[in-house]
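Given the coordinates of chain A, assemble chain B onto it according to the supplied hints.
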Amino acid sequence: MNPLYAQLQQEVPLSWYLVLSAILFSLGVVGFLIKRNLITVFMSIELMLNGVNLSFVTFAHQWHAVKGQIFVFFVMMVAAAEAAVGLAIIIAVFRARATLAVDRIDLMKL
Amino acid sequence: MNAYFHLWLIPLAPFIGFLFNGIFSRRLPKWLVTPVALLAPLVAFAVVLVAALGFFGIGQGIVPALGSLPFPLPFTETCPLAWIDLGALHIDFSFVLDQLSLTMLLVVTGVGFLIHVYSVGYMSREEGYARYFSYLNLFLFFMTVLVLAGNALLMFVGWEGVGLASYLLIGFYFQKQSAADAGKKAFIVNRIGDFGFLIGMFLLVANFGTLTFTEIATKLGQDPGWTGGVVTVIALCLLLGAAGKSAQIPLYIWLPDAMEGPTPVSALIHAATMVTAGVYMIARTHVLFDHSPFALSVVAIIGATTALFAATIALVQTDIKRVLAYSTISQLGYMFLGCGVAVYSAAIFHLVTHSFFKALLFLAAGSVIHGLGGEQDLRKMGGLWKKMPVTFAVTTVGVLAIAGFPPFAGFFSKDAILSATFQQGVNGQVLWSVGLVTAMLTSFYMFRLWYLAFLGKPRGESEHSHRTPFSMLAPLVILALLSIGGGWIGIERSAGWINIELFSGFLAPVVGAQSTEAGNAQLELILSAIAVGVAIFGWLLAYLFYRQDSTLPEDTAAALSSPYKLLANKYFIDEIYSAVVVAPLLGISRLVLKWVVDFALLGGLAWLLAAIATQTGAILQRWQSGNIRSYAAWLAAGAAALLLFVLVPWATVWPQSLAFVWKATGH
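So the protein lines, in turn, are chains A and B.
Read in this note's numbering, the first sequence has 35 at position 35, and its numbers run on one by one without any break.
Read in this note's numbering, the second sequence has 411 at position 301, and its numbers run on one by one without any break.
Okay, chain A solo, but in the shape it has when bound (with noise of 0.2 Å):
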């Protein structure tokens, strides 16, 4: 094994790792909660995403098993296929409205 590898996982523990991913969760999850700009919002579910992602390749490593790190590309690959697709829609958005403020898109309430 890479010795500074080795140093490295004694050095850093898994917990910090675990907390990271939970704040960078949560900072997500109030960005989406609080920001009105849509383009805002959408980055904070890439930041969710990302947060979900941490835990998944530490779980991976931690207990050596691939699998985490497989969902860790599934993840990455859907969230490119849904950057796209979003920035789309938020452009025809904001063509047709002249506004990104989320609350003013509401167009499904009747």
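By construction, these hints were calculated from the structure, which means they are not laboratory data.
Don't take every hint at face value.
To be verified - Now the in silico label distances, taken between C-beta atoms and shown as ranges:
1. 749/B <-> 46/A: 29 to 37 Å
2. 713/B <-> 75/A: 53 to 61 Å
3. 14/A <-> 746/B: 23 to 31 Å
4. 757/B <-> 96/A: 39 to 47 Å
5. 75/A <-> 726/B: 24 to 32 Å
Unchecked claim - Partial chain B-side listing against chain A, Cβ under 7 Å, derived:
6. 738
7. 739
8. 742
9. 743
10. 746
Stated by the list, open to error - Pulled from the structure, derived: some chain A residues nowhere near chain B, Cβ distances all over 10 Å:
11. 6
12. 65
13. 78
Glycine residues also receive a C-beta, built at the ideal position from the N, C-alpha and C atoms.
Same frame as chain A, now just chain B:
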């Protein structure tokens, strides 16, 4: 048994006729409708005739095939597939041919065929020619089912079916309001009777576990304890059904109105066949009545009362068909009287002869109406004997037959009933005297009709517009011959001096041998003489009243104005019924059912449910703010609650501690 002989052929033939003429009705030319319509009853009649010839062993020398036919009656034919199979209750499609149904079938298909032939001439210029014949065939189909049925339920199918055909034919001229109303009246009044029939069947199933006539008879025979009680209730329920169909008190009111239909229909359905179904039903279920003397006496009293009651109304009616209608009710009363004194063979005998002479009288009346271009008022007729000699001759035969002159058919059958009634003790003699008065009245009003329509001077302005076609005259002549000779089959019962026992002996296997004291030939002769004397008296009275230029009818009507008005208005029975039954029913329907039940209860309930739904929706609607961040907040809050529940130990304790407190407080 011949492999080609089947009982189901009898109803099948009219049914095919009905389908053919009913489905293609307007597209068919008349030359195609007529043969199909006539073939249907003819085939049915032929099958019945083959069965009759086979039974009596006649004609085997001519047609060898009949040799394989002499079969013992009753002959039962059952569909291999069960109709209803509910555990203990088993009901089949089964047809039974016995002496009773054979007699009835000969009448139904024979007279039915004659009236079909007559209708060809009568209806030739009418609208809806094919429709008329399809209904007529439909009627024959259901009537043969009714007669052949081996159990009460199948009989009920035929029973309802003839009711339907009757309704359709009474309302044949449905564009006329009175005809449509008369059809509805007949149908609704019959519903009341059918209610009794249905309850009777339910009670039969509940107490005997079967509806098959033979099984009921067997079970009743096994246990002599079956007397009165529930048997009386069943018999009275069936009697209600019979009274509805056979137009007896209190359900007779539909029959006079049924004359709105075409006259041949009145002859076939409302005189000769369908209305006798009640008598047939009582004879068919006679074991029940035999076990309940009370029900039997109710039958006798209803019969005698109806006979007298209807005869008095017939005295003053001016519509030729209404006279005949009330006379039919009266004669049906005689049949009920015969059933009520347990001489079913005499009742069926009168049924047969009545179907001959009453069909004849109705058809002759139809011929008169046809000839006068629709005129039905007796006061506007008169002197028709010159214009319609054949109709006059056959009507004379019919009048003599119904009035009970020997040797015409009505004499023998009426006398059979009356003499049997007389021999039933004191009560029987009271009923006999009622029957005798009725016989006098019958003779009077029939000769009144005869004098008013055919003798005297023509009073109406309407000219003899068209001649009676041959297709109408031929059935009249055949029926006239039957009205003369039809009674001879029962000579023993009525006259006593010849002991052939032809008809009652023939029916004995089905309805039981009738116990009349043998060797009472002298008494029977005296009774017959009295009956004939009474009939002659009625004739003389009619002669006094209605011979030419007599003012006696007007004088009598003026002198007895209040009884006359009572009779002319048919005892105000229709008015009483409408005040006592119809008006309260309509009132309750309008007030209680419409406003309270329908509008308030049902409408209010529906409104309440709708209001609850909308109000709940209005509250829940606020949750659906459309603001995506509020949804996310709920989501996050939910996730947080779940996390809390999983991670914090005391959170899971909550429900348990609550349950603990609940129990601790004594629940």
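Hints violated by the structure (listed by number, smallest first): 1 and 5
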